[in-house]
Amino acid sequence: MEPIVWMLIDMLLAVALVALGWASLASKDSRRAVVLFIGFGLLLALVWVRLRAPDIALAEAAIGAGLTGALLFSALGDEAGASPAGEQATAPTSAPLWHGVLLTVLSMGLAIVLGIAFVYALGHADPARLADEVYVNLADSGVSNPVTGVLLNFRAYDTLLELAVMLAAVLGVLALGPARPGYPASGPVFLALTRWLVPLLIVTGGYLLWAGAHAPGGAFQAGALLAAAGVLLRLAGDPAGGLPRGVAFRGLLVAGVAAFLVVGLAVMLAGRPFLDYPVNWAGSLILAIETAATFGIAATLVTAFVCGRPEQRPEKHRLAANARVQPRVEANGGERS
Amino acid sequence: MVGFLLVSALVLAISLGLGLVRVFNGPSTEDRMLAAQLVGTTGVGLLLLFDPLLGMPSSTDVALVLALLAAVSVAALTRRETGLEMDHD
Amino acid sequence: MTEYLAGALILAGLLFFIAGSIGLLRLPDMYSRLHALTKADNVGLGLLVAGLAIRAGDPLTAMKLVLVWVLVLGSSAVSAHLIAQRARHRERGAWNP
Amino acid sequence: MFTEQVIYGLAGIGLFSLGLRMVFSAGALLRRVLAINFAGAGLFLLLIAVAYQGTGAVPDPVPHALVLTGIVVAFSATALALALGRRLRELSDDR
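Chains as they are written, first to last, in our numbering: chain A, 4 to 340; chain B, -16 to 72; chain C, 5 to 101; chain D, 197 to 291.
If you're looking for bench data, these hints aren't it; they were derived computationally from the structure. Please read all numbers here as calculations on a predicted model, not as lab measurements. Be a bit skeptical, because a hint or two may be false.
For each label pair, taking beta carbons as the anchor points, the in silico distance ranges come out as [claimed, not checked]: (1) Ile26/C - Ser287/A: 51 to 57 Å; (2) Asn283/A - Thr251/D: 33 to 39 Å; (3) Tyr138/A - Arg30/C: 49 to 55 Å; (4) Ile115/A - Thr251/D: 35 to 41 Å; (5) Ile7/A - Leu15/C: 17 to 23 Å; (6) Gly254/A - Ser36/C: 48 to 54 Å; (7) Gly(-14)/B - Pro181/A: 56 to 62 Å; (8) Tyr123/A - Ser36/C: 51 to 57 Å; (9) Asp62/C - Gly(-14)/B: 43 to 49 Å; (10) Tyr138/A - Gly38/B: 56 to 62 Å; (11) Pro202/A - Thr251/D: 43 to 49 Å; (12) Asn283/A - Ala16/C: 33 to 39 Å; (13) Leu15/C - Gly254/A: 51 to 57 Å; (14) Met197/D - Trp101/A: 23 to 29 Å.
Glycine included, each C-beta is placed from N, C-alpha and C at the ideal position.
Generate the whole structure from the sequences, applying the supplied hints.
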């Protein structure tokens, strides 16, 4: 009985995922597409838990269901109320019909080939897996959460380069022009929620950072939660989203990469290969890198949402930021949206 | 008890599917976002059930994060940046 | 005994969830849907949390569950406010009391 | 081989192909950015389905680490794509 009920739940979630993807990509209305994408992120977080990937579920719950939705909605503002005219302006002239048909046939063929390969591969799995290596060596990694062990120790090179990719992306964003305008100071209701949520997000982020050594969590999830606090602050009226300005801002952006490099080079001074931590030190070094990376990731994600450098803000926004400290509801004519 | 919790999870999943119908159909963006909120709350409920069902305490942590982030995308939808239309008062 | 109490609470919670979803599908306009479901699913989650907390029987887990519920309550109240405000704004222009 | 593994793996393949198909379609920039995100999510789903070892066993952590960083990188790449689109619109508005 039990397997059948689980199968029904799994089928429901899987069908809903594909249907959401299909409907989102087929919709004419951009807002509909984005809301469907947010729903997709929510369901995906459930599926990650179902597939015993709680580390990913935490990141998905924060990024897929929350931050990406906020990013897409803020980008929709550019399309002037997402009018059909704005849509057509960016859409190239329509391709010939056979073009679309060919693409559909090709992608369906790809899906069928991949599907057969996947089911075949599951039936003929090689019993010797990389996972066994991870579990054999986990005791020496300095942490007991295998995912953190892979990220920060066994494949630390990968993670360093991934942080560098994020940094490169956000440098691209910074190079593309001034930040998006901020939001007007919010009314009392949203402000009250922000005042509750921001401290809770920071505390939960700290908890996940600390827990990452032995339980699901770590720098990426903690950074995403801190970033969510920044996004909330920006939505409530602080144009910088809680980011510092000047040197401190630049320092935060590179914090993760810098901590990785410093630790990597320091162990080389001790006569070991790059990023090959001494076993006794591994736990502390990983925590140090993760702490720096948390701030770096958070700053990167908030900068991506702000879409530019936080210091470039006109005087008008400064007023809005002051209103955050002391909400001047009367002066603003109530909540504005 | 585990069987009962499992059937409860199925009921919640069906409820979530019903909520998704409104996300698909709208008609207005507000309707969709409201339905997405319901899907989020139902998803939180489902995650809380996954904790005992799958023996994963971290499932509750995921529910906590979903609950913390629930308002972010709604706020991003409803708040408009200064200088954009609809904001002139 | 506690098993049955927890079961009854969870069952009641499920009823509210289903009621919320059906209300979302059946009610005629956005405001009535808003009214109905922001209550239904929060009560549903509250009952579910109560049932699971009794079942867990561990005060730390129970506290975490209640925290999740309180957060959902707060977020959903504010979200409902923001969504209703946006809909009203779109229909009748800016609100200036 | 587990049922859930097959279900979610096939869903991942479906999403990947769907996203890939829509990336190459002529559409608004936002739609194509979404398409890349869906294709990526489908690929992540496939990877994690392969890593899955059943309810009672620990899954393979290596794909988990890959997907975890992938999600964060995908967010940054999405932000970059949207910023490029915004700049493109500004430039075409100026002309």
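Cross-check of the supplied hints:
| no. | hint | verdict |
| --- | --- | --- |
| 1 | Ile26/C - Ser287/A: 51 to 57 Å | holds (55 Å) |
| 2 | Asn283/A - Thr251/D: 33 to 39 Å | holds (36 Å) |
| 3 | Tyr138/A - Arg30/C: 49 to 55 Å | holds (52 Å) |
| 4 | Ile115/A - Thr251/D: 35 to 41 Å | violated (29 Å) |
| 5 | Ile7/A - Leu15/C: 17 to 23 Å | holds (21 Å) |
| 6 | Gly254/A - Ser36/C: 48 to 54 Å | holds (52 Å) |
| 7 | Gly(-14)/B - Pro181/A: 56 to 62 Å | holds (59 Å) |
| 8 | Tyr123/A - Ser36/C: 51 to 57 Å | holds (52 Å) |
| 9 | Asp62/C - Gly(-14)/B: 43 to 49 Å | violated (22 Å) |
| 10 | Tyr138/A - Gly38/B: 56 to 62 Å | violated (19 Å) |
| 11 | Pro202/A - Thr251/D: 43 to 49 Å | violated (37 Å) |
| 12 | Asn283/A - Ala16/C: 33 to 39 Å | violated (54 Å) |
| 13 | Leu15/C - Gly254/A: 51 to 57 Å | holds (54 Å) |
| 14 | Met197/D - Trp101/A: 23 to 29 Å | violated (39 Å) |
Taken one by one, the earlier hints fail for this structure at numbers 4, 9, 10, 11, 12 and 14, listed in ascending order.
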